[in-house]
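What follows is each chain in one-letter form.
There are 2 protein chains.
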Amino acid sequence: MASLLRPTTWGLFSWRGYCSRGTQGRLSAGFVEALKAVVGSPHVSTAAVVREQHGHDESMHRCQPPDAVVWPQDAEQVGRLAALCYGQGVPIVPFGTGTGLEGGVCAVQGGVCINLTRMDRILELNPEDFSVVVEPGVTRKALNAHLRDRGLWFPVDPGADASLCGMAATGASGTNSVRYGTMRDNVLNLEVVLPSGQRLHTAGRGRRFRKSAAGYNLTGLFVGSEGTLGLITAATLRLHPVPEATVAATCAFPTVQAAVESTVHILQAAVPVARIEFLDEVMMDACNRHSKLNCCVAPTLFLEFHGSEQALAEQRRSSVITEAPTSPGPRRQRSAAASGQPGTTPGTQAWPCGRAARAILPTCVCPSPGCRRSWCRLKRTWRPGDSQVPPAPCGRVGQGRGEARATALSSGPPGTIVGHVGDGNFHCILLVDPEDPEELLRVQAFAEQLGRRALALHGTCTGEHGIGLGKRQLLLEEVGAVGVETMRRLKATLDPRGLMNPGKVL
Amino acid sequence: MASLLRPTTWGLFSWRGYCSRGTQGRLSAGFVEALKAVVGSPHVSTAAVVREQHGHDESMHRCQPPDAVVWPQDAEQVGRLAALCYGQGVPIVPFGTGTGLEGGVCAVQGGVCINLTRMDRILELNPEDFSVVVEPGVTRKALNAHLRDRGLWFPVDPGADASLCGMAATGASGTNSVRYGTMRDNVLNLEVVLPSGQRLHTAGRGRRFRKSAAGYNLTGLFVGSEGTLGLITAATLRLHPVPEATVAATCAFPTVQAAVESTVHILQAAVPVARIEFLDEVMMDACNRHSKLNCCVAPTLFLEFHGSEQALAEQRRSSVITEAPTSPGPRRQRSAAASGQPGTTPGTQAWPCGRAARAILPTCVCPSPGCRRSWCRLKRTWRPGDSQVPPAPCGRVGQGRGEARATALSSGPPGTIVGHVGDGNFHCILLVDPEDPEELLRVQAFAEQLGRRALALHGTCTGEHGIGLGKRQLLLEEVGAVGVETMRRLKATLDPRGLMNPGKVL
Chain Z
1 MASLLRPTTW GLFSWRGYCS RGTQGRLSAG FVEALKAVVG SPHVSTAAVV REQHGHDESM
61 HRCQPPDAVV WPQDAEQVGR LAALCYGQGV PIVPFGTGTG LEGGVCAVQG GVCINLTRMD
121 RILELNPEDF SVVVEPGVTR KALNAHLRDR GLWFPVDPGA DASLCGMAAT GASGTNSVRY
181 GTMRDNVLNL EVVLPSGQRL HTAGRGRRFR KSAAGYNLTG LFVGSEGTLG LITAATLRLH
241 PVPEATVAAT CAFPTVQAAV ESTVHILQAA VPVARIEFLD EVMMDACNRH SKLNCCVAPT
301 LFLEFHGSEQ ALAEQRRSSV ITEAPTSPGP RRQRSAAASG QPGTTPGTQA WPCGRAARAI
361 LPTCVCPSPG CRRSWCRLKR TWRPGDSQVP PAPCGRVGQG RGEARATALS SGPPGTIVGH
421 VGDGNFHCIL LVDPEDPEEL LRVQAFAEQL GRRALALHGT CTGEHGIGLG KRQLLLEEVG
481 AVGVETMRRL KATLDPRGLM NPGKVL
Chain S
1 MASLLRPTTW GLFSWRGYCS RGTQGRLSAG FVEALKAVVG SPHVSTAAVV REQHGHDESM
61 HRCQPPDAVV WPQDAEQVGR LAALCYGQGV PIVPFGTGTG LEGGVCAVQG GVCINLTRMD
121 RILELNPEDF SVVVEPGVTR KALNAHLRDR GLWFPVDPGA DASLCGMAAT GASGTNSVRY
181 GTMRDNVLNL EVVLPSGQRL HTAGRGRRFR KSAAGYNLTG LFVGSEGTLG LITAATLRLH
241 PVPEATVAAT CAFPTVQAAV ESTVHILQAA VPVARIEFLD EVMMDACNRH SKLNCCVAPT
301 LFLEFHGSEQ ALAEQRRSSV ITEAPTSPGP RRQRSAAASG QPGTTPGTQA WPCGRAARAI
361 LPTCVCPSPG CRRSWCRLKR TWRPGDSQVP PAPCGRVGQG RGEARATALS SGPPGTIVGH
421 VGDGNFHCIL LVDPEDPEEL LRVQAFAEQL GRRALALHGT CTGEHGIGLG KRQLLLEEVG
481 AVGVETMRRL KATLDPRGLM NPGKVL
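One line per chain: the protein sequences are Z and S, in this order. Here the first sequence stands for residues 1 to 506, where the numbers follow this note's numbering. Here the second sequence stands for residues 1 to 506, where the numbers follow this note's numbering.
Hints were generated in silico from the structure; no laboratory data involved. Careful: at least some of the hints might be erroneous.
[Stated by the list, open to error] To give an idea of the interface, some chain S residues facing chain Z are shown, with a C-beta separation under 10 Å as derived from the structure:
#1 K36
#2 H56
#3 L147
#4 R148
#5 G151
#6 L152
#7 A203
#8 H240
#9 A311
#10 L469
[To be verified] Computed far set for chain Z versus chain S, every beta-carbon distance over 12 Å:
#11 E52
#12 R80
#13 R118
#14 D120
#15 T219
#16 D423
Where is the CB? At the ideal position from N, CA and C, for every residue including glycine.
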């Protein structure tokens with residue numbers, strides 16, 4: 001019976017919660033009243049502008065607005081909302097900061113968008129246990145601001161000031177994952193509202209242990225599930241002590257190949273770096289222009305070390321780093337060692353990479369003033385790549401990029417490559433004219449080719465952005481038919497009516 | 001229909017594969033012939049002695065033999081065996097080295113034990129990617145012996161020379177997890193034969209990336225599933241570069257409390273230790289006697305640092321460690337720095353902890369010669385504890401131990417405590433007279449009390465041994481009814497007839 005009620009195409013609604021007014025699904029007045037009864041009238045909106053705002057993230061996926069947006073204030077309300085929607089067959093789309101990059105919040109079947117940002121309390125801080133419990137509205141910057149004077153920090157840094165529960169839902173990572181791991185490694189427990197409205201504590205209520213062998217790893221199943229299995233209403237996160245000092249070095253290389261090969265050597269020599277970031281010559285030039293820097297315009301590695309003053313001095317002297325190729329670099333610079341959270345203190349901000357990295361998103365490459373191709377207007381720019389390969393093939397990324405661009409974009413738009421190369425994750429960023437449909441098609445083909453290139457190198461089509469809407473075909477190619485079928489069965493078990501963020505991942 | 005066929009009590013069989021000869025289930029001759037047709041006659045046994053040997057692990061759970069034991073030679077055979085058994089409704093019990101500690105291999109419903117130890121090839125080594133693919137018969141020592149000259153090692157070390165796929169199935173960890181993580185962190189991909197016989201590659205065939213955000217984390221779901229969801233037929237593992245040097249220090253403390261509080265301080269100061277092991281005074285005395293050592297008989301921490309020579313020299317000078325309480329210690333000793341795999345080279349073996357740790361399992365505490373209570377006879381000894389708490393409550397472990405023993409064992413058997421305190425995991429080891437049923441009952445009650453004490457401190461009832469047979473009630477208390485119900489639904493999805501290692505975990 002449940003399967004009969006499941007919608008198979010977008011816009012065809014026949015559930016009780018919906019009026020059947022053509023293909024533009026609308027919630028019935030009674031259903032909207034029921035939503036208001038749960039969260040209060042001021043916390044429900046069906047205004048077009050609000051719905052539009054919630055129909056897209058920062059990717060190029062077209063806006064697909066939900067039919068209503070609600071702002072619950074606590075997990076109990078989320079549970080009642082979920083049960084209400086699920087009982088009436090209305091799709092549920094969780095929403096955090098909307099900073100995703102794979103269309104994860106697009107309401108492809110309409111339904112109710114549950115905006116969790118008004119649940120923004122830090123519920124519990126346990127400094128001795130290195131753990132914190134946050135509601136879904138707490139962003140990573142807000143948490144680190146809260147922790148600043150306690151000698152602790154949360155290191156997962158995907159760039160955007162995303163909500164921590166959203167980061168858990170996406171399986172985010174970022175620049176620090178070489179040393180501190182990704183969200184998968186730093187989420188200790190999740191409170192999840194299941195579609196039925198039941199509340200699940202994935203590691204048990206109040207638990208905050210580092211390791212366990214007790215039963216199935218439910219926390220691991222929900223991290224990265226992109227809102228398709230339930231709504232995350234609280235996350236227990238692992239905190240880390242702020243290192244005594246942070247020291248950085250930059251090395252410019254003659255070629256992309258030389259830079260990434262050097263990365264492999266550094267990893268093989270077990271040099272304990274915290275980050276290894278890579279920017280190609282195009283991005284270095286853009287960073288120079290945007291941030292008024294004077295860095296060498298060449299493929300460049302940015303290395304960061306966390307530890308005690310003395311240990312850091314030794315690490316920077318590491319023979320592996322000083323043996324890096326010498327033309328046109330390596331050119332090493334050292335920031336003042338700082339005692340605060342890495343990346344947030346004056347010392348580390350002075351590090352060019354700190355500024356360069358911060359500059360990437362707003363600036364990117366703008367070949368000429370007034371050019372229609374602009375990264376600054378995020379909605380107008382395609383950002384196809386989020387590929388991840390094992391460390392060794394990382395050295396072939398340069399070749400891969402050359403090949404792929406030669407094939408797909410021989411006369412195409414300008415592009416650049418940045419990478420968290422310490423764990424083999426790299427992003428290609430292309431400037432696209434969104435009003436040129438042919439160019440868009442070519443870029444889309446290039447993005448798929450890039451994903452397949454990563455797959456051919458035993459990698460993954462997405463290191464940290466998730467599958468969302470755009471990479472479902474690549475997921476099938478990555479994990480195979482049995483893998484996708486197993487995922488489908490798990491999804492059907494936890495969400496038998498297929499109403500949790502439908503159309504995503506699978 | 002399937003549920004009608006599922007056995008609910010041990011020994012009541014009505015499936016086609018079984019003859020209905022009373023409560024002692026026996027496989028029909030035709031079924032045994034079918035097993036032989038898959039793996040060849042020499043690789044099937046129904047001999048009582050063989051079945052007995054496969055009916056227990058190293059725990060005190062009573063032997064419950066399977067009805068037959070088979071030794072497949074490859075994953076294709078495993079797939080055919082699974083499909084055969086599943087089609088006939090015969091329980092399937094995977095078997096590795098049998099070194100588990102929670103009765104995970106006991107055939108509580110009889111059935112076919114699939115011994116995977118003859119699949120013992122290292123299938124693929126990728127030194128540049130820091131990864132290796134192993135079959136289920138490869139043990140951790142065999143892998144490290146294979147890696148010895150390549151500058152790589154696999155650091156997860158649960159004590160026993162367990163099979164790596166068995167360690168994945170249990171979610172094992174051990175002494176190195178402070179720095180290198182547990183099996184959950186070091187398994188990159190698994191080949192799993194599902195009950196249907198289908199082969200699943202949890203991260204996709206041939207994939208060996210470090211991080212991914214592609215779909216549900218199937219690898220994470222199967223790590224720690226204790227053979228209840230499928231049979232692991234290959235594991236892709238993350239390798240680590242052998243550190244340039246390994247240096248160790250020991251610190252004796254006046255009390256257990258002081259030792260574990262010092263651990264919390266070391267962690268808070270972000271001193272990058274690789275291991276922090278704790279042995280109480282009883283265990284230190286046993287180690288002295290067994291290994292002819294002359295260590296201080298007091299609660300003792302053993303610290304190990306991995307890195308470059310210079311960085312290590314700095315770490316050992318760390319103010320935190322030298323500021324440890326000074327009566328009767330700290331007494332620090334330094335091993336020769338070694339360039340091989342930590343724990344396996346002459347340098348680190350010279351470290352008292354290296355010897356002490358190796359000595360723990362065979363020796364334990366033997367109060368007087370000829371005493372009936374003996375750890376050496378493993379089957380005769382109860383080893384109740386595998387609790388894990390967050391770092392801070394670790395400091396209360398000493399109290400907890402005192403309390404629990406005072407209540408449960410005021411006049412009870414001698415016991416000791418050892419712990420991987422760097423991540424809050426500790427084991428209580430008691431010497432038990434297995435022929436004294438009253439003592440056994442009291443020890444069982446103590447074990448449960450210890451588990452509940454860890455739960456009360458926001459911890460887990462099992463840090464690394466798994467749930468198996470003995471901790472199912474504690475699992476319910478740990479994750480709650482919704483958590484267990486969710487696990488049950490996942491199990492029913494992947495194993496609808498409940499035949500994969502039945503009676504374990506849930």
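Self-check item: Given hint L469/S near chain Z, where the shortest CB pair must fall under 10 Å
Solution: The hint is violated - L469/S has no Cβ within 10 Å of chain Z, the shortest such distance being about 13 Å.
Quiz item: When the nearest CB of chain Z is found for K36/S, is that gap smaller than 10 Å?
Solution: Hint on K36/S: violated, closest Cβ of chain Z at ~28 Å, above 10 Å.
Practice problem: Verify that the Cβ of D120/Z lies farther than 12 Å from every Cβ atom of chain S, and report whether the claim holds or is violated. | Solution: The claim holds: D120/Z sits with its nearest Cβ about 24 Å from chain S, beyond 12 Å.
Quiz prompt | Hint check: 10 Å Cβ-Cβ cutoff, H240/S to chain Z | solution = Constraint on H240/S satisfied, holds at 7 Å.
Quiz item: Given R148/S as an interface hint, is the shortest Cβ-Cβ distance to chain Z below 10 Å?
Solution: With a minimum Cβ separation of about 16 Å from chain Z (threshold 10 Å), the hint on R148/S is violated.
Practice problem: Closer than 10 Å between Cβ atoms is the bar; does A311/S clear it against chain Z? Give me holds or violated. | Solution: 5 Å, holds
Exercise. Closer than 10 Å between Cβ atoms is the bar; does L147/S clear it against chain Z? Give me holds or violated.
Key: Hint on L147/S: violated, closest Cβ of chain Z at ~13 Å, above 10 Å.
Self-check item: Nearest-CB test (12 Å) between chain S and E52/Z
Solution: The assertion about E52/Z holds, with a minimum of 27 Å to chain S.
Quiz item: Can we confirm that no CB of chain S comes within 12 Å of the CB of D423/Z?
Solution: 5 Å, violated
Quiz item: Can G151/S be said to touch chain Z, with a Cβ gap under 10 Å?
Solution: Holds, about 7 Å.
Practice problem: Check the non-interface label on T219/Z: least C-beta distance to chain S beyond 12 Å or not. | Solution: 8 Å, violated
Practice problem: May I ask you to test the interface hint for A203/S with respect to chain Z, counting a Cβ-Cβ separation under 10 Å as satisfied? | Solution: With a closest approach of 7 Å, the A203/S hint holds.
Violation of the numbered hints given earlier is confined to hints 1, 2, 3, 4, 10, 15 and 16; the remaining hints are satisfied by the structure.
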